[in-house]
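Single-letter residue listing:
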Amino acid sequence: LQRSHHEYGVFQDVHVMIFIGFGFLMTFLKRYGFSSVGINLLLAAFGLQWGLLMQNLWHMSNGKIKVSIYRMINADFSTATVLISFGAVLGKTSPVQLLIMALLEITIFSLNEHVVVEILGASDVGASMTIHAFGAYFGLAVARMLYRPGLRNGHENDGSVYHSDLFAMIGTVFLWMFWPSFNSAIAGTPEQQLIAITNTYFSLAACVLAAYATSSLVEEKGRLDMVHIQNATLAGGVAVGTCADMNIGPFGAMVIGVMAGIISTLGFKFLTPKFASKLGIQDTCGVHNLHGMPGLLGGMAGIIATALHKKENAFPQKQAAALASSIGFALVGGAITGLVMKIPFWGQPPDQNCFDDSVYWEVPEEDEENGESMTHADHSKSKTEA
Amino acid sequence: LQRSHHEYGVFQDVHVMIFIGFGFLMTFLKRYGFSSVGINLLLAAFGLQWGLLMQNLWHMSNGKIKVSIYRMINADFSTATVLISFGAVLGKTSPVQLLIMALLEITIFSLNEHVVVEILGASDVGASMTIHAFGAYFGLAVARMLYRPGLRNGHENDGSVYHSDLFAMIGTVFLWMFWPSFNSAIAGTPEQQLIAITNTYFSLAACVLAAYATSSLVEEKGRLDMVHIQNATLAGGVAVGTCADMNIGPFGAMVIGVMAGIISTLGFKFLTPKFASKLGIQDTCGVHNLHGMPGLLGGMAGIIATALHKKENAFPQKQAAALASSIGFALVGGAITGLVMKIPFWGQPPDQNCFDDSVYWEVPEEDEENGESMTHADHSKSKTEA
Amino acid sequence: LQRSHHEYGVFQDVHVMIFIGFGFLMTFLKRYGFSSVGINLLLAAFGLQWGLLMQNLWHMSNGKIKVSIYRMINADFSTATVLISFGAVLGKTSPVQLLIMALLEITIFSLNEHVVVEILGASDVGASMTIHAFGAYFGLAVARMLYRPGLRNGHENDGSVYHSDLFAMIGTVFLWMFWPSFNSAIAGTPEQQLIAITNTYFSLAACVLAAYATSSLVEEKGRLDMVHIQNATLAGGVAVGTCADMNIGPFGAMVIGVMAGIISTLGFKFLTPKFASKLGIQDTCGVHNLHGMPGLLGGMAGIIATALHKKENAFPQKQAAALASSIGFALVGGAITGLVMKIPFWGQPPDQNCFDDSVYWEVPEEDEENGESMTHADHSKSKTEA
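Residue numbers (the UniProt record's numbering), protein chains in the order written: chain Z, 1 to 386; chain A, 1 to 386; chain G, 1 to 386.
The hints are all genuine.
No copy labels: a pair is met if it fits in one copy or bridges any two.
Straight line, CA to CA, 25 angstroms or less: simulated BS3-like cross-link-like pairs of lysine-lysine: (1) 278 x 342; (2) 274 x 342; (3) 64 x 310; (4) 221 x 342.
For the record, the hints were derived by calculation from the structure and aren't laboratory data.
For reference, chain Z alone in the conformation it holds in the complex (with noise of 0.2 angstroms):
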């Protein structure tokens, strides 16, 4: 019991990383905040439901469905993937294509899940390959099968106001913080938790100062981007992930640190462009970056630590079955949920709307000069009166 309230504690942290954390981060376009947080909240609230199904799925007792803090953990964990792909298509899908694409994507999620742990028997505590690697290439498929050349010459409303880019960093940041608890919530023992704490703990303060210097290195004048600070300061903690456990002590856990943070900001500067204008992928928070990149140098560096032995009963050949397996079905399965979210029935945003939260929500008018922005009152009235 002592345990479990432990795992409480991380749960919750867990739990404001998924809700805070992802559905802040995303808030940094200047009219697409509403749906950045509220849909985030809307497809982790399903999703967290349907992960635990999967599990129960999974993992029967008697044909009872079976909750505990350990698989609501779990269930955070599935959403995570759907939420990172999220990123990828943000400002460009509608609701209804995103529950679908949710519900696939957990469903995915948790077969390749299921071939990794229980199959191959592979390791990865802080999910790089599971989570990470599998949400990135998910989203980036999806997002190559819904490709828009409307788009090819951007678009005004994808990009960000100063306060805008002040409502991610509250994403960011508790992001940031939570990642230890994140990478060491379903550790073996609590030794091992301690480690993946510590492990996380300095591979994501050395990527913030890799992240920094390389951001001011690539920008005119020495300037830093808010780009590149909102996300790569946090790929560290998406490297270590699978790390996280092991004996790769806080020299290791720095260096891959301060690779994940260098990958990430020139993956942001040079690749995304290169994504979006060769590729026809759209990559709207550049997931490809944060979660694409430093989840194969996780799934990497996991093969390398266990080849040198870092953690018992781990190999590297399971490791590279594994990182391949998340890499195939994430692939394959968002190819495939691209194609089926392409079906012309699910209320996609034509290109002129994109980015827009004024086709999914009421949005307050702001013609201060006026003040002539709408009332709860005048509200209520225009909406009871139609």
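Given chain Z's structure and the hints, the job is docking chains A and G onto it.
Leaving out everything else, chains A and G in the frame of chain Z:
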């Protein structure tokens, strides 16, 4: 002592709900954010001290004031009733009026709680009746007493702007995430705590889906209304409160959550305008929809669940009496409190200054074109010269 | 191990104070939010690594670097001193200057802490002296060295706008809520932890009332000043720090909190302008009022409490020596550090670019009329073309 360690974590979760959750939930008004989060802090800081004193009044020990984590949780609970009532009169009362309300409401709350728990022996672990229904009907009675005919046609500041709605979502999401801690905080045994956690979790998850679906159904063109999402998504936490530690099962919890989400959304859409126009009850935040009706629902669910023997030593007739007591104390106490608050010299703002921080706060001027916004230096200078 | 489970929760609370609390508290400036929360993250991530190294320097174990939750809490503590000093020079220093300050300040902090704890054997569980007074006077000494006559008449960006003040309240409220964790984190026994929690809780609650009352008394027309509310409400947490684990009782804690709230508010109102005009100390955030004077008050309260035998094995003369040591190290260390920071090639911004993110950050342009705000696509394009 292990227990107190877990209790401290739960206390902090409840603390976050009180100070961040309630505080930011009310920042949705475009020009009343300073008061929402600032007066929330003032009322809560005052209320918890008064609440501790009231507890000591009922549970004396040799005339000495005692404090424990458990009592600190209960003090936060007593504060919650005031913050709920605050929502009903938000924007239309002075800080002094509100402090008087806090003083009287916590006193009456503690009286009712004594009746419900000690005399009637009813069960209300998540306080659907003693906090939510009580706080809501207390606030509505106050609002009725303070009815302002001048606001019948609305007020230009009684509405949101884009970023004020995002600030409010900070409150919503923190309330949503930590509600399982609220409903399980004072459960008797660790087993009952776990049941309260999972029941609340399921009710809230189901409630989100119901609130989104209902909001989309009742709005034009299937759009979502931010007011519904900010509030009705939480109704499941309110409604499952009384039953939280009973063996209603995940399915029972989800039924309660779905009903709460639907009722709450419909209330915002159809009831709140009628309350203002027909009954003279101007309920700024719609607390009747988030706390009032879901609280009643929770009380009735408790009657049914105890009739079905879902909890040992809990009986439907006691539950019904507790519900009646809570509503009774709330309506009578709220009416008397409203009369006291109506006494002219508490500085109640005139109609045209409602929903406006600048009556009670130094508000920065935002004339960006002329660069005239007040600087710190000007600030201090103008004050010391005056 | 149970202990470490509780410690991890407390560590996360402290972490939230460091990264969200300090970070958002400083976002009150209208055009300096990116730097406030962004440079706060950079300094803290750097500082905790350096702080861990310093701890290992003083507490060697076979030449190996050791890490534990306890040391991670202490690393956050050492970081706090830097973030306090950051407040004094906010808006007037470059990131490189600040990293140099972090390096030197943490080194000197760790030296002073060694003197206070190991050599003098003084008691300072919540670190009123070693963190708050030290950080404040260090920062003020740096600010004196970096005095800018050109800002004598203020600066148009040295002020807030409506929503920047709301962002700052996120920081205030998280600091306020989790301060009991801060002051109890390194208490010796679970009993002392509980005492530290409740003392801090009472001091903070009383402090809020004092700060509101004082702010209303000294402002025109009884209005509240957001600067006071954001800061002075926290002074009770600072001032009760040294005595937190002593048997001063709820009433003693509340007296300290009330005094801190009054002193702090009066400081913002009357002292800060004088410091700038008479002493050449331009204290952007008023850290003298939130950390300096309340820290001194805390140190003196500790002297009195130990003289009254409120804690075993703690003595007033040792406390007085610890206070003197902390102030001494701070003033001398801060002056030297300020001189180092004054060396021309660290990129200190010119007067007209103070309090402005755009010197160090890519800032989105907000010309909404013309819809010209920079999009992500433009962004990447312009950069890769350059």
